[in-house]
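**Student:** Chain by chain, the residues:
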Amino acid sequence: MLVRVQTWWTILRICLEERLVYRGDFALGTLMRFLPIVTQIFLWTAVFAAAGSGRIGSYTRDEIVAYYLLTMLARAFSSMPGLASGIGRQVRDGEIKKFLIQPINLVGFLLLARIAHKLVYYAVAAAPFALVYYVCRDYFPGWPEGEVFAAFLLSLVLAFLVGFFLECSMGMISFWFLEVSSLLFVYMLFTFFFSGHMFPLEILPEPWLTIVNFMPFKYLAYFPAAVFLGKVQGLEMVHGLMIQSGWVVFFMITSRWLMHRGFHRYSGFGG
Amino acid sequence: MSKHPSYFGVFLTFARNSLIRDMTFRANFIIEAISSMSWMIMNLGFYTLVYRFTPNIADWDKYEFFVFISTTMFVNSLVQTFFMPNAQELSELVRTGGLDFALVKPIDTQFLVSLRRVNWSSLGNFFVALLLLAYCVPRIEGLELTVWQMLLYPLYVFLGVLILYSVMITLAATSIWLGRNQSLYDFWFYITNFSRYPMEIYEGSWGTPLRQLFTFVIPILVVINVPARFMAKPLSVDYALLAAFAVLATILCLVGSRWVFKRALWSYRSASS
Amino acid sequence: MSAIEIHGLEKSYRVYQKKEGLRASLTGLFQRDYHDVHAVRGIDLDVEQGEFVAFLGPNGAGKTTTLKLLSGVISPSGGEAHVLGHVPWKRENEYRRRFALVMGQKNQLWWDLPAQESFQLHQKIYRIDPDDFRRTRDELVDLLEVRHLLGQPVRELSLGERMKMELTAALLHSPDVLFLDEPTIGLDVVAQHNVQKFLKHYQTERKITILLTSHYMKDVAALCRRVVIIAHGEIMYDGSLAGIIDSFSGHKILSLQFADGRMPSDLARYGDVLEIVEPKARLRVDRGSIADVLSSVLASYTIEDISVEDPPLEEVIAEMFARSAEKKQVEPVGAGVTSLESDDPARS
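Residue numbers (our numbering), protein chains in the order written: chain A, 2 to 272; chain B, 32 to 304; chain C, 5 to 352.
Just so you know, the hints here were simulated from the structure itself, not pulled from any lab data.
Because the structure is a prediction, the values reported are computed rather than measured.
Ideal Cβ placement from N, Cα and C applies to all residues, glycine included.
Hints may be right or wrong, so weigh each one.
[Stated by the list, open to error] Derived Cβ-Cβ restraints for the label pairs, each shown as a range:
# : chain 1 : residue 1 : chain 2 : residue 2 : range
1 : C       : GLU160    : B       : GLN119    : 23 to 29 Å
2 : B       : LEU50     : A       : VAL39     : 51 to 57 Å
3 : B       : ILE72     : A       : VAL6      : 44 to 50 Å
4 : A       : ARG56     : B       : LEU182    : 54 to 60 Å
5 : B       : ILE61     : A       : LEU101    : 32 to 38 Å
6 : A       : GLY83     : B       : SER236    : 37 to 43 Å
So that you can see chain A by itself, here it is in the shape it has in the complex:
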């Protein structure tokens, strides 16, 4: 157990150092990620100005801005840059062999590495995030009640898990198709559009709204934001959390199953 913790700490420290080498890049980069929100604010202000009713769907202009800020936070949890492509690369380069012979579970290892990565990221990104949120505090409708907030935090953690296992499963496909970049790209596009990163999903007309509800993507960004803003309440919120957990379990099983099938197929090559 102690050894495990020590390993964790070393990985963490190395990740942090590595990130800090990108000095100027880093500080600037985190703040700049918020720049598109500025244009969104102007855009939606103009939209609302002409819309007349003061609400689009159930959102006021301020709520939409808060929504974007919240989806950025949710994406900080659920986005997994380089996960699927990393697996693809390891398969291509043959590095994956070590997971066949060593007593390390590939998925477990990746999960650990990703958690370390994220912790580092949060530690350093917390300040820019806090700054932006503070500056934009007027757009938020106020803190939600205790249990809603707890649900929000839970949904963030679940979003991380959904994102991780989903993209992990995508990565496993590289056992079958060496060039996954095209598939990954389509996946990224889907994620961007259908996760609610671009706009609050509830404004979609039918049949799109129903289709989106059946896909896992909305739990990556839209759902946590909607919980915080009170757009999904009470029983609906609990249901949402349950479905979100369901997706976690589903992709967790899928990724492990794919991994085993993949290893099977891979060792058949005798590389």
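Starting from the known structure of chain A, arrange chains B and C on it as the hints suggest.
**Tutor:** For chains B and C alone, coordinates are given in the frame of chain A:
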């Protein structure tokens, strides 16, 4: 004997070589073409959705706004085809020492470095934009297309591309000083993000100074706004003035960026062997 | 007027220190240590048209930097130079058309395309007459024996074949001056030999001026009569290869074979004993005393075989570098100075 290279001939060879190269990676080519088009289509989807809730955005009706979007597509596809791959490669050239080879050739270095690679797959968007434009223009109420508009539109699209090129090459030149710098390219992306919307949305105590900044200091708002307005809206006096300014801005940007580039080359250090 | 004239050429860089550890990385955000590296410290050199000169020196000596200064890739911190009457760092097109640069293990040809496409590009850029171009290209590829590889993508060629293509590309426009930076580095023995053979032939035929940098003795010995030794940014020697030993070596190597199986035990009084394998011995003897040592040995012992040789050239040169390093109290070359690249936080 001072024979200057035929710049046009050299450029054709660049284009040809790039095409041959892209064709050898056919699968990649198709994927890239599809991905850039998908992105554009998603954007169209988004705005179609928004227009269900509002009749206009900052005085731009639905079809007028779509003309705006197609102008964005024209400009972006041209920039991505001719200049983007080269700007990205510049920092690689610096890192690997490949810039040394560019510097010993008897041809203008900025020309060589800016046009070496042509990314043909990004041209897909150009054609989608043509289709979109052809679809929308007839649907704008009260618009009667004049010859002037049809001539000035492509001209101003071209000027817009040149302005974006200047910004791009200025940023890329800094990689000669700073080495690889990813955030600089992100910077380009975020800055040009502002140019994708009609300048009228930038209003108010924050908006107006922002609009001034991006019109007169870093004139990116001029890039898409001017040609789009030409095509979609009736001509007005202040717009004519802005259009004249656009010409001036293009010239200043090109001159300024060339100066930065030359300065960067002057202090080039070259990678150690 | 010489083809290449250099006076007092200098080049210095500022290098930022990168330290290890978390704390250092954090403080590095605000303040950095730096020191200045003097890559070239005042070089004077004249090279006539048609000469084949080698720059020899250890890594970091300044050979490549000098070459880059002469090809206009970088500009100096001081001093002046003229190549074919031009100031290189002005980067005039008239100048650039008249020379070529080839760097070992660095490619300028398009990676994914066959070499012949890159050659076409060269023709356009240098505005080479189509007939001249065809003739020159055919000559070169035949000499280098790479004609059959013209249609293959460059990435599929071996290192040696790629270098031959690079050489072809460089010579297509018939330059008057050729700068070669470590052209045989990384090549196998056969490829090295081929490149050397080609260069010798080409230079003898065309009488172009060639500056070659290398740290391989064999390149130099095979090709050039004039050798310029550079260390720590300065020229230490400029002359023939043979002359190096005369100027710099203070020793001779004495090899003795003793008769009657009788090996003396006090050989050390003659000089440094390098090796004793009965009945042979090898000694390093001071130049000045070689005559005395010889007469003494011959008088005292029965010698079956004797020979007096110069020490290997590499040793002489290495000794020379070491001595010069001491004199300057400079760190041994290579340590401490990690790179001469501009500060880049993204690179380790």
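**Student:** Give a verdict on every hint.
**Tutor:** Evaluated hints:
no., hint, in the structure
1, GLU160(C) - GLN119(B): 23 to 29 Å, "holds (25 Å)"
2, LEU50(B) - VAL39(A): 51 to 57 Å, "violated (39 Å)"
3, ILE72(B) - VAL6(A): 44 to 50 Å, "holds (49 Å)"
4, ARG56(A) - LEU182(B): 54 to 60 Å, "violated (44 Å)"
5, ILE61(B) - LEU101(A): 32 to 38 Å, "holds (34 Å)"
6, GLY83(A) - SER236(B): 37 to 43 Å, "holds (41 Å)"
In this structure, the hints that do not hold are numbers 2, 4, in rising order.
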